[in-house]
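Engineer: Each chain, written out:
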Amino acid sequence: MQTVFERPKSLTDHPFHYCPGCSHGVVHRLVAECIDELGLRENTIGVYAVGCVVLGHRYFNMDCIGAAHGRAPATATGIKRMDPEKTVFTYQGDGDLAAIGMAEIVHASARGENITVVFVNNGIYGMTGGQIAPTTLLGEITTTSPYGRKASVEGYPIKVAELLAQNEGSAYIARTSVSSPAGVIQTKKAIKKAFQVQQKKLGFSLVEVLAACPTNWGRAPVEALKWLDENMAVYYPVGEIKVKEA
Amino acid sequence: MTVKGRVLFDSERCKACGICIAFCPNEVLALDESHINGQGYTPAYAQKPEACIGCKICAMMCPDMAIIVERA
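Just so you know, the protein sequences line up as chains W and G, in that order.
According to the working numbering, the first sequence is numbered sequentially starting from 1.
According to the working numbering, the second sequence is numbered sequentially starting from 1001.
Just chain W, same shape as in the assembly (with noise of 0.2 Å):
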């Protein structure tokens, strides 16, 4: 018997605080996999958003640093600017990267930082505990819209790849789903090529992964899974958006 499948070595041994079913952990594995085939671990500084993700230093076996709320690219840039050399990769939730955190990732882009933005979009606020985000589908029922979200009250959800991928320094710009393991390798291809992408100094690149949050959801978690590719998946259309040649 030949091991085919076992826990990439830039995870550490730490087991996952996040809940049973949370996309979370798969896109963690999928970012550690791809760093350690791309052979970047020790090269590698991680920034860590305020979110459920907060621990991740716990989790990634590399340099890492928490940044403050949103101020995740900021962090990235400076360090990127300081040793070109790095990798550098930002780890970011939806309510993070697109509410507080909006204005630095679009200048982020819109300077062509070269570093890698994981963004996990699961349409809520996770850690605080279900409160509507900018990424929200409209109808959804979250502790801060008990009535459903409405395009009259709280406006329109945004679509963060395709408004990122408009600026000239976007790169590589790509929206996946961890829902099926056919979506989960889509995920892992397009995260390798974003890193890829940085090393070969073409700008920022940014990797949406649609994922399912099934405590603040209320879904169960397969179910949560099913949610997301017949609801997510259907407003936030998965594929490359935008790739920039060299």
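Derived by calculation from the structure, the hints in this document are not laboratory data.
Careful: at least some of the hints might be erroneous.
As the list claims (entries may be wrong) - Beta-carbon label-pair distances, calculated as ranges:
#1 G:Glu1012 x W:Tyr147: 39 to 45 Å
#2 G:Gln1039 x W:Pro237: 34 to 40 Å
#3 G:Leu1008 x W:Met127: 28 to 34 Å
#4 G:Leu1008 x W:Gly218: 30 to 36 Å
#5 W:Lys244 x G:Lys1048: 47 to 53 Å
#6 W:Lys200 x G:Ile1053: 34 to 40 Å
#7 W:Gly148 x G:Ala1030: 34 to 40 Å
As the list claims (entries may be wrong) - Derived BS3-like pairs (lysine-lysine); straight-line CA-CA distance at most 30 Å:
#8 W:Lys244 x W:Lys189
#9 W:Lys201 x W:Lys150
#10 W:Lys86 x W:Lys226
#11 W:Lys226 x W:Lys189
#12 G:Lys1056 x W:Lys9
#13 W:Lys201 x W:Lys86
#14 G:Lys1004 x W:Lys9
#15 W:Lys244 x W:Lys193
#16 W:Lys242 x W:Lys200
#17 W:Lys159 x W:Lys226
#18 W:Lys159 x W:Lys9
#19 W:Lys226 x W:Lys193
#20 W:Lys242 x W:Lys226
#21 W:Lys226 x G:Lys1048
#22 G:Lys1056 x W:Lys193
#23 W:Lys201 x W:Lys159
#24 G:Lys1056 x W:Lys192
#25 W:Lys201 x W:Lys9
#26 W:Lys242 x W:Lys201
#27 W:Lys86 x W:Lys189
#28 W:Lys86 x G:Lys1004
#29 W:Lys189 x G:Lys1004
#30 W:Lys200 x W:Lys244
#31 G:Lys1056 x W:Lys189
Said to hold, decoys possible - A few chain W residues that don't get close to chain G, going by computed Cβ distances all over 12 Å:
#32 Glu42
#33 Gly78
#34 Pro84
#35 Pro134
#36 Thr144
#37 Pro146
#38 Gln166
#39 Lys192
#40 Gly218
Every residue, glycine too, gets a C-beta built ideally from N, C-alpha and C.
Following the hints, complete the assembly by docking chain G onto the known chain W.
Structural biologist: Structure of chain G alone, referenced to chain W:
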């Protein structure tokens, strides 16, 4: 019949979300209702290990990396 694949569980990591069970193409896995792990969940286990083909879909979908897959 030769065994094609084998799944090994780190039961202490399992949070019984059931995603591996739902995605297994051969219905190899199930929750072990007779056992409660340190986190308070009834972990998944290989109920029909002989049906495993080592496709590693369960491990790929597992959010807690509780599964190691071996192939003959």
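Engineer: Work down the list of hints and note, for each, if the structure agrees.
Structural biologist: Quick rundown of the hints versus the structure:
1. G:Glu1012 x W:Tyr147: 39 to 45 Å: holds, 42 Å
2. G:Gln1039 x W:Pro237: 34 to 40 Å: Given range 34 to 40 Å: holds, Cβ gap about 37 Å.
3. G:Leu1008 x W:Met127: 28 to 34 Å: holds, 32 Å
4. G:Leu1008 x W:Gly218: 30 to 36 Å: Once the Cβ atoms are compared, 33 Å apart, the range 30 to 36 Å for W:Gly218 and G:Leu1008 holds.
5. W:Lys244 x G:Lys1048: 47 to 53 Å: holds, 49 Å
6. W:Lys200 x G:Ile1053: 34 to 40 Å: With a Cβ separation near 38 Å, W:Lys200 and G:Ile1053 satisfy 34 to 40 Å, so the hint holds.
7. W:Gly148 x G:Ala1030: 34 to 40 Å: holds, 36 Å
8. W:Lys244 x W:Lys189: holds, 16 Å
9. W:Lys201 x W:Lys150: violated, 42 Å
10. W:Lys86 x W:Lys226: Answer violated: W:Lys86 to W:Lys226 is near 38 Å, above 30 Å.
11. W:Lys226 x W:Lys189: Holds: W:Lys226 and W:Lys189 sit about 22 Å apart, inside 30 Å.
12. G:Lys1056 x W:Lys9: Judged against 30 Å, a Cα distance of about 18 Å means the pair holds.
13. W:Lys201 x W:Lys86: holds, 11 Å
14. G:Lys1004 x W:Lys9: Holds, because 26 Å separates the two Cα atoms, which is no more than 30 Å.
15. W:Lys244 x W:Lys193: Satisfied, since the Cα-Cα distance of roughly 12 Å is no more than 30 Å.
16. W:Lys242 x W:Lys200: Since the Cα atoms of W:Lys242 and W:Lys200 sit roughly 16 Å apart, the hinted pair holds (cutoff 30 Å).
17. W:Lys159 x W:Lys226: holds, 21 Å
18. W:Lys159 x W:Lys9: Distance ~34 Å between W:Lys159 and W:Lys9 Cα, so the pair is violated.
19. W:Lys226 x W:Lys193: holds, 27 Å
20. W:Lys242 x W:Lys226: Holds - the C-alpha atoms of W:Lys226 and W:Lys242 are around 27 Å apart, at most 30 Å.
21. W:Lys226 x G:Lys1048: Since the Cα atoms of W:Lys226 and G:Lys1048 sit roughly 25 Å apart, the hinted pair holds (cutoff 30 Å).
22. G:Lys1056 x W:Lys193: holds, 23 Å
23. W:Lys201 x W:Lys159: Distance ~26 Å between W:Lys201 and W:Lys159 Cα, so the pair holds.
24. G:Lys1056 x W:Lys192: It holds: about 20 Å lies between the C-alpha atoms, which stays within 30 Å.
25. W:Lys201 x W:Lys9: Distance ~25 Å between W:Lys201 and W:Lys9 Cα, so the pair holds.
26. W:Lys242 x W:Lys201: holds, 16 Å
27. W:Lys86 x W:Lys189: Roughly 21 Å separates the two Cα atoms, so the pair holds.
28. W:Lys86 x G:Lys1004: violated, 42 Å
29. W:Lys189 x G:Lys1004: holds, 27 Å
30. W:Lys200 x W:Lys244: Given pair W:Lys200, W:Lys244 holds - Cα atoms ~11 Å apart, limit 30 Å.
31. G:Lys1056 x W:Lys189: Holds. G:Lys1056 to W:Lys189 sits at ~17 Å (cutoff 30 Å).
32. Glu42: Check passes; 22 Å lies beyond 12 Å.
33. Gly78: Holds, because the least Cβ-Cβ distance between W:Gly78 and chain G comes to about 32 Å, which exceeds 12 Å.
34. Pro84: holds, 33 Å
35. Pro134: Holds, because the least Cβ-Cβ distance between W:Pro134 and chain G comes to about 24 Å, which exceeds 12 Å.
36. Thr144: holds, 26 Å
37. Pro146: holds, 27 Å
38. Gln166: Consistent with the label, W:Gln166 stays out of reach of chain G, its closest Cβ about 33 Å off (over 12 Å).
39. Lys192: At about 15 Å from chain G, W:Lys192 clears the 12 Å cut-off, so the statement holds.
40. Gly218: Holds: least Cβ distance 15 Å, greater than 12 Å.
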